[in-house]
Amino acid sequence: MLVVAIEKERTFEKVAIVSFLTILFILSALLMLVSCLALLLTKNIMHACTFLLAALLGVAGLYLTLHADTLAVTQVLVYVGGVVILMLFAVVLTGGQDQESITKEKFPHLAPLFGSKSTFLKAFLVSMIFFVAAASLLRLGEKEIVHVVAVNYAPTIQSLGQLLMTDYLFAFELVSVLLLGALIGAALIARPMKK
Amino acid sequence: MDYSFWNIAPIILFPLGAFVINAFVGCKLYRKGDFISVGAIFASFLYALRIFKDVIVDQHSKDFYVHKVFTWFDLSVGDFPFKIDMGFYIDSMTATMLLMVTGVATLIHLFSTFYMAGDAKYGKFFVFLSLFTSAMLALVLSDNLLSIFIFWELMGFCSYSLIGFYVEKEAAGNASIKAFMTTRVGDVLFLLGILAIYNIVGSISIVDIYSALAMGSFEGQSVIGVSALTFIAVCLFGGTIGKSAQFPLQVWLPDAMMGPTPCSALIHAATMVAAGVYLSLRMYPVMVAGGITDFIALIGVITAFGAATIALIQTDIKAVLAFSTISQLGYMVMGIGVGAYNPSFMHLITHAVFKACLFLAAGSVIHSLHDHHTHGHVQEMPRMGGLRKKMPYTFLAMLCCTLAISGVPLFSGFVSKDRILGDALYFGMVHPHKWMMIVPVLGFITAGLTAFYMFRMLFLTFFGAPRDEEVYNHCHKEHFSFTQNFPLLLLSLFTLGVVYSGSLTGLGKINIPVVGKEWFSTLITMPKVEDFTQREKVKMMDSHLPEKFETSHYHVHEASEMTHEEHVLHKAHSIGAITSIIIAFLGIFFAYLMYISKGLNPAKWESAFSCWNKALKERYYFDHFYEKILIGKGLHGFNNALAWFDLNVYDRYVIDGWEIIAKKIYLGLSWFDMKIVDAIVDLSGTIIRFFNVTLRTMQTGRIQFYFVVLFLALSGYMLLTRI
Amino acid sequence: MVSLSSFLFLSFVLFLTGLMLVLGRKSIIFVLIGLELILNAAALNFVAYSRFVTEKLDGHLFALFIIVIAAAEAAVALALAIRFYQLKETTHLDELSELKH
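Protein chains in written order, with my numbering: chain A, 89 to 283; chain B, 522 to 1244; chain C, 30 to 130.
The following block holds chain A by itself, in its conformation from the complex (with noise of 0.2 Å):
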């Protein structure tokens, strides 16, 4: 097992071995970044799709990294094998009609707000590396993480199950009706209209 050395926020000390872990990071983060930038600029819906399953599993990979194991495989059978598929079947019901790029589309609808489109991603990119230099200016999210988080491989499906069935019972039962119901309504609403 890797050793995690005691981490301090303030400092930022190198660590001698790049681990598995951080290079799963960097993998996950380098995929989901990809995928995001290739989503805002793409035209066609099925490559959007595509990319979304891509940053889904960037997302699922960060899971790892995190040591959500259950996390990370239930985000990959429910959205990868569930959501997206429903959208590749609702891109094939709804035409699939093409996008223009981001780049062109205008925002004429939210002219008063934004203007075109290459104006909203020059904002965003702004706007991120404004964040950036805010956080670390004002050390947004340092808690003072003192103790050590002791960090144990074990397999948390075992965990989850208890609180599950234990703590968050009502909830887990509330989920399974409001999935019922998504069933059910999806179902109705999507049944052909009655001439």
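Bear in mind the hints are in silico, worked out from the structure with no lab data behind them. Just so you know, not all the hints are guaranteed correct.
Stated by the list, open to error - Derived DSS-like pairs (lysine-lysine); straight-line CA-CA distance at most 30 Å:
hint: 1; chain 1: C; residue 1: K55; chain 2: A; residue 2: K210
hint: 2; chain 1: C; residue 1: K55; chain 2: C; residue 2: K117
hint: 3; chain 1: C; residue 1: K55; chain 2: A; residue 2: K282
hint: 4; chain 1: C; residue 1: K117; chain 2: A; residue 2: K131
hint: 5; chain 1: B; residue 1: K1058; chain 2: B; residue 2: K604
hint: 6; chain 1: C; residue 1: K117; chain 2: A; residue 2: K282
hint: 7; chain 1: B; residue 1: K1154; chain 2: B; residue 2: K1138
hint: 8; chain 1: B; residue 1: K1184; chain 2: B; residue 2: K1196
hint: 9; chain 1: B; residue 1: K642; chain 2: B; residue 2: K998
hint: 10; chain 1: C; residue 1: K55; chain 2: A; residue 2: K131
hint: 11; chain 1: B; residue 1: K1185; chain 2: B; residue 2: K1196
hint: 12; chain 1: B; residue 1: K549; chain 2: B; residue 2: K642
hint: 13; chain 1: B; residue 1: K1185; chain 2: B; residue 2: K604
hint: 14; chain 1: B; residue 1: K690; chain 2: B; residue 2: K1185
hint: 15; chain 1: B; residue 1: K1119; chain 2: B; residue 2: K1135
Following the hints, position chains B and C against chain A.
Here is chains B and C on its own, set in the frame of chain A:
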């Protein structure tokens, strides 16, 4: 006799009552109520007779008077007095006038029942006659100038109504308006005089005026630059000029002959025109103090002479009489001017009697002569002639009166006219300006002319061969009828001189049983103003007489020792008497020559004086002057000038100027309304639209827009609450 | 090296991308894609905090619930998208600006 209110007032109230009754219910009464009028005036005559007997016969004192007053109104405030008293004033002049007016009026009322019979407006005639007589009697009885003026105007109204009695004749309407307007000119002056007197004296009662004169209240006063007395005298005499048809206001009297003949007899011969002379007689002290007696004499004599000359060529019988009335009134005014106070009054009385009789006789003639073509009556003398046989009673009356007016001795006219002429001669002889001899000279010439034209009228009407056969044949022979002939004969009885005096010269020897001789010439005396300062006034309803009055009697002029003045006077009277007799007979002789014996040819005389003849026919162009020049050019020109000013200047600039101002105000207000008020009104709309636009932009219905807003709101909230 | 702030930054990028897709894209599918990304960003945030701040696994659980709900919501949303397409023959969101169909 006790001069209580109920002994005096009925004189006025009887005719007034007759007027009221006839005016309101006359047409329903038997014979349209003429008997009420006649009865009323006869009753007044009886009362007047009673007063006359008491004043003239019993008292016969020059100082006897009865003065009863009541306060008409009293609006005095503080020490500013404003009180008008009215009342009766009876002295010998009043008593005589009352008797004359009521007597002549009764006879004329009687004659009118004959003359106006068959006329459609028979009743209306008596209504006006009654009103007129009541007004005249009230004037004679009144004691102050204001009530004289009131009744003067009332008589003017009755004259107007009666001249225009025949409404179907447009000329009659014009004549009535002319009469009213011309006398109006005189009345305005009269009123001015009254106002000036009231301003200075503080009262308009005749007695108060006399005492003010005696006390010298008029000294040093002046009205519009001239001496007050002169102004007042001229103004009051102006009333006389208007009412008594003197020069220059004589133009109305000839046209007044358009009225019915009894009205001409009463109003324009005997009473109303005499009222002017009566006023001058009453105000004689004022005239003397104002120093205008020469002026009065000149006016009088010019009037007398001018009218006499115009009468020479008249062909209408009533026109001759009208001009002769003007001429005789001129004599009376001349008499006032030369100082013949008594003779003027005497002439007024005698003239009233014989002129009324002349008019009634003329009316009788006119009434009998029908023109079957026009269904009217004949008034033109060229169509008459030889009526002596057909109308004997009328002829007799007219003969007596013509002799009287001509100044033939033994008749009344001689008594009075001779005295006037004698006094005029005296006046001319002693006057500082020798050219004032023209006054008596013209007076004598006029006497001659009067005789001439009156006898011309008589000869043309009653003598000679009838000029219009048809008219002559249709004329009925006159029977004696009470209403037609009795008035004529009674009046002509009173034209005999013996009634008034027993001698040729009028210095009478008839004795009044109580007081003695000379009753007519001592009827009245020229008032001495000093006597009036002590006079007392009694309240109207009190029945006792003033306790203090003197009964100084008239004394007969006894020529024991004459002063030089009296010597000249006597000489003047003698010369005057003889001259007037000679001239009268000359006039009659000329008329005889021209019209009976045809010795002189009237036509030749006319052509010889053709220019003058034309002037006479045009009545000396007075009518032309008044109507065409004074009114036509002067008054209408003035009217047009005022109208031009009104339309072009006043309307244009003042009235229409307001239009411009109003327009400017309107523009200002409309700018204010549109720019400011509307802007405020629009502001609400603008605010709403603003909100509408902004809010509408928010309600796009697009989900993504709502997302943006939501996101911005949330992020804003979070940022703001966390920082 | 791997710290909380990097995960926060990543979740921010994800959130921003999702937001831009929701706000900027015209097709309804794209909007739903963006919506998924936003939800994922939130879940990532939860898990990051669970790992770095607390020992408990509440964050994991919450992220699990997010996934479930996101799936349910995606199903219903896509059904709506299909219905929208059936009505308007297009997926252009501007057509969806009126309540009446």
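### Task
State the violated hints by number, sorted upward, taking the hints as numbered earlier in the document.
Per hint list: 13, 14 violated.
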